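4 protein chains.
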Amino acid sequence: MAVIDLNADLGESFGSWRLGDDEAMLEIVTSANVACGFHAGDPLTLERTCALAAERGVRIGAQVSYRDLAGFGRRFLDCSEAELRADVLYQLGALQAMCTAAGTSLAYLKPHGALYNTVVRHEAHARAVVSAVRTFDPGLPVLGLPGGVLLDQARGAGLRTVTEAFVDRGYTPAATLVPRGQPGDLIHEPDVAAARVLRLVNDGVITAVDGTGVPMHAESLCTHGDSPGAVAMARQVRRALEEAGVEVRAFA
Amino acid sequence: MAVIDLNADLGESFGSWRLGDDEAMLEIVTSANVACGFHAGDPLTLERTCALAAERGVRIGAQVSYRDLAGFGRRFLDCSEAELRADVLYQLGALQAMCTAAGTSLAYLKPHGALYNTVVRHEAHARAVVSAVRTFDPGLPVLGLPGGVLLDQARGAGLRTVTEAFVDRGYTPAATLVPRGQPGDLIHEPDVAAARVLRLVNDGVITAVDGTGVPMHAESLCTHGDSPGAVAMARQVRRALEEAGVEVRAFA
Amino acid sequence: MAVIDLNADLGESFGSWRLGDDEAMLEIVTSANVACGFHAGDPLTLERTCALAAERGVRIGAQVSYRDLAGFGRRFLDCSEAELRADVLYQLGALQAMCTAAGTSLAYLKPHGALYNTVVRHEAHARAVVSAVRTFDPGLPVLGLPGGVLLDQARGAGLRTVTEAFVDRGYTPAATLVPRGQPGDLIHEPDVAAARVLRLVNDGVITAVDGTGVPMHAESLCTHGDSPGAVAMARQVRRALEEAGVEVRAFA
Amino acid sequence: MAVIDLNADLGESFGSWRLGDDEAMLEIVTSANVACGFHAGDPLTLERTCALAAERGVRIGAQVSYRDLAGFGRRFLDCSEAELRADVLYQLGALQAMCTAAGTSLAYLKPHGALYNTVVRHEAHARAVVSAVRTFDPGLPVLGLPGGVLLDQARGAGLRTVTEAFVDRGYTPAATLVPRGQPGDLIHEPDVAAARVLRLVNDGVITAVDGTGVPMHAESLCTHGDSPGAVAMARQVRRALEEAGVEVRAFA
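Residue numbers (this note's numbering), protein chains in the order written: chain A, 1 to 252; chain B, 253 to 504; chain C, 505 to 756; chain D, 757 to 1008.
Bear in mind the hints are in silico, worked out from the structure with no lab data behind them.
Every value quoted in this text rests on a predicted model; they were computed, and no experiment measured them.
Where a beta carbon is used, it is the ideal one built from N, C-alpha and C, also for glycine.
Check each hint, because a few of them may be wrong.
[Stated by the list, open to error] Covered by chain A, per the in silico footprint, the following chain C stretches (three or more residues, Cβ under 8 Å):
hint: 1; region: 524-537
hint: 2; region: 615-626
[Claimed, not checked] Here are some of the chain D residues that sit facing chain A, going by a computed Cβ distance under 8 Å:
hint: 3; residue: 827
hint: 4; residue: 831
hint: 5; residue: 835
hint: 6; residue: 954
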């Protein structure tokens, strides 16, 4: 029986500003990438999000970021390796406290936004993240894009690595993401997304924008919840997986 | 043989801004109240301060604060009890990660600045701090001003409480601090400070500004390290204690 | 012919976080209280909001706040008078630059959130605001709650003061706001709000929660735009005013 | 008679954190690059620094930066052109308010730290700065490194540009700065600095690290004030200039 994890970014409100429908998404996903306060997530939001996740049995990952509230962590910040390592440690600890308050424990780390994209190639920043995880808890898995520097280094450091595919992003025949703004960058039809995901889970093949099938291995599927349409798509994908007999279960 | 702890505020630099002589103070004190990033302390500073403290066997306490970098945590912030509880949890976890990286563990909590003063009387804010500590680690002692709401509530919640006296602040005959700006608010002569401290440790009596002796119990002495004079006074006080046969030892 | 101004809080998004429907409200109001970055409003949001307001002929006021992004400026911050004066000056200048970029100029100041409520009674904080306005531009009017310390001091300092009433808040027979959470605190029916507003504009009388009429003078009406319902109410109130022959016009 | 301006970075304290000896430097320099709150400079510090500068007749420039307090503006931040333009406008306005309070007016703009270095080559970020200046005040000069994209674009946009040389940094025979960490990167002897500066001012030639003379034109000399040694060097350079009959005068 095939097994897959569904993850989504949660806890991304800040003070009076609300973002995403965390409650709806916590009924759908099995892993919650919870913000840690550096790109989003005031402490009270984080505490509540972790409590809700724990109640529903959803595993909690630390969605660590560059320190950039104004840019929502979407802008590369050329910090030093030592600064980034300490920033990641700080965020891991802060979110672990919210997990403790919720009666659970951090289950994994996933980089956010610009950091996610940067550590695919940036040796020093990837090293900073890996070093922080090893120091904080060498048993903590790292979730990220297959084929990048981060997961290579994490594996080399003895960490468990978990790869993900995107439910609503187009892939090229070379198995990379279609850049935003180019044709086929986003998948808007839940049916298409669900069919593609089923093929990936069952056959290890993703359907690229040109229709070809590309081998891909993913233990987790990244969904989004920042719009009503995104929530609906995530829900339909989960239903399609279950109806096809796939077990939707956290990897951690 | 009498025993006393010496504590000081450390890790209060932020980025390029340096404050205090942490290395010098870590040779003097037995407990380091390390900032947690809300009034001071960027993550790299916190990581390094905790590493230095751990190397020297100095115990690390979380010096939690209102969220107020611009005001250095010295301004009352009328946040809700739930917000403050979450803010304290967040800070405890963040600093715990730095302790983990240093091969040690958080040893206590001490509120900083305006929060320190506020929880002496503010029921809701005291409750928030106590609730955060109980949730994070019910074995974590709370260090604070004797006779205030915080320590009362902490004791009531089953937490260990630790009282402190100030090495360089004047006391009234009612055992309260002489308000800043009034005659006798600060003690500038190391000799005077040392003699007063010895009397306190040996006899449980503090010499008030009018010369009278006031009964006082303190397990820890708060010293300062934010000026060369402050460091020199702390060093002289420690020497006087040791020469008088007092054991200077962390309470935790 | 009766004349009244309609004001609303705008520019309160921050980075990726959106708040309120600024475009819709700019079709309704005649004065925009634009955030200044201390409780909300990243610079790009402020620049765009000011540009949109200027295009529509809506006057721009500086909605100054305590420095508290995490609390959206809704929490009292016990800063010094000198700090607050400088904080207000800084915000006035920053928003003036956005007005300059939009080809216009700041038209007034209105305190936000906790500062709005505090300066009704807090002498030092009211003084700080008044001093900042006098220093920045003694021709700048101050918009606020009638009967408070701020407007008294502003008048005493030779500043123009403008009073406002709330479209959707209940009033007591003593002409004060019904505290939030008490019966009658909020008006939810646009019809009721419109009728009450017409009476206020035409007769100088506000209908209190107990049905009695209370004399009140207001040159501006505060509306809200942070929910679809709020926008609809503001639109209906404006239409009712116009249909009754009231001229809706900026006071500045 | 030769004329030269001396500039230095000032107003770089933040809250309780002090940096540099602003009072001493204001007796030496003729132009003060005052921080604007994005890398340093709380509003009260900015207000006081501008007041002191105005009292002494020192011209005030806006030292604008990426939004990065934790990194002191020394880390490249990959923001969009529109974001950076708005960030610069915001800072210009904020500091202009402090100038207004001091009875003076902004005299120029100088980018700080990572932004200073980035706009030497980064077209979009240089464009953002130039666009902000043109919008805010097309009469405002831009001070920066000779030969970079920023000054090229500024000239092209009709802005006045002012070039600077560094009093305490070594130059290569190609007239570029010796990278930090390489031999000759910094000049520590006030005598050497003074002699080199005199040659530059009188002959338009800078002595490079290999002893060769390199043609260079600079209207301003950048000095530092962040250490007692730096202040002493700046003082000695000024004295040497005056003794040699050079007029030390603001360019603006």
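Cβ contact check, 8 Å cutoff: the region 524-537 of chain C against chain A, three residues minimum:
Since 0 is below three, the answer is violated.
When the least beta-carbon distance from residue 835 of chain D to chain A is tested against 8 Å, hint result:
5 Å, holds
Per-residue hint verdict: residue 831 of chain D, partner chain A, C-beta under 8 Å:
Cβ of residue 831 of chain D sits 5 Å from chain A, so the hint holds.
Closest C-beta approach of residue 827 of chain D to chain A relative to 8 Å, hint status
Check passed: Cβ of residue 827 of chain D comes within 6 Å of chain A, closer than 8 Å.
Using 8 Å as the Cβ threshold, decide whether residue 954 of chain D counts as touching chain A.
Where the cut-off is 8 Å and the nearest Cβ of chain A is about 37 Å from residue 954 of chain D, the hint is violated.
Do three or more residues of the region 615-626 of chain C come closer than 8 Å to chain A, measuring C-beta to C-beta?
Violated, because only 0 residues of the region 615-626 of chain C bring their Cβ atoms closer than 8 Å to Cβ atoms of chain A.
Hint compliance for this structure: hints 1, 2, 6 are broken, all remaining hints hold.
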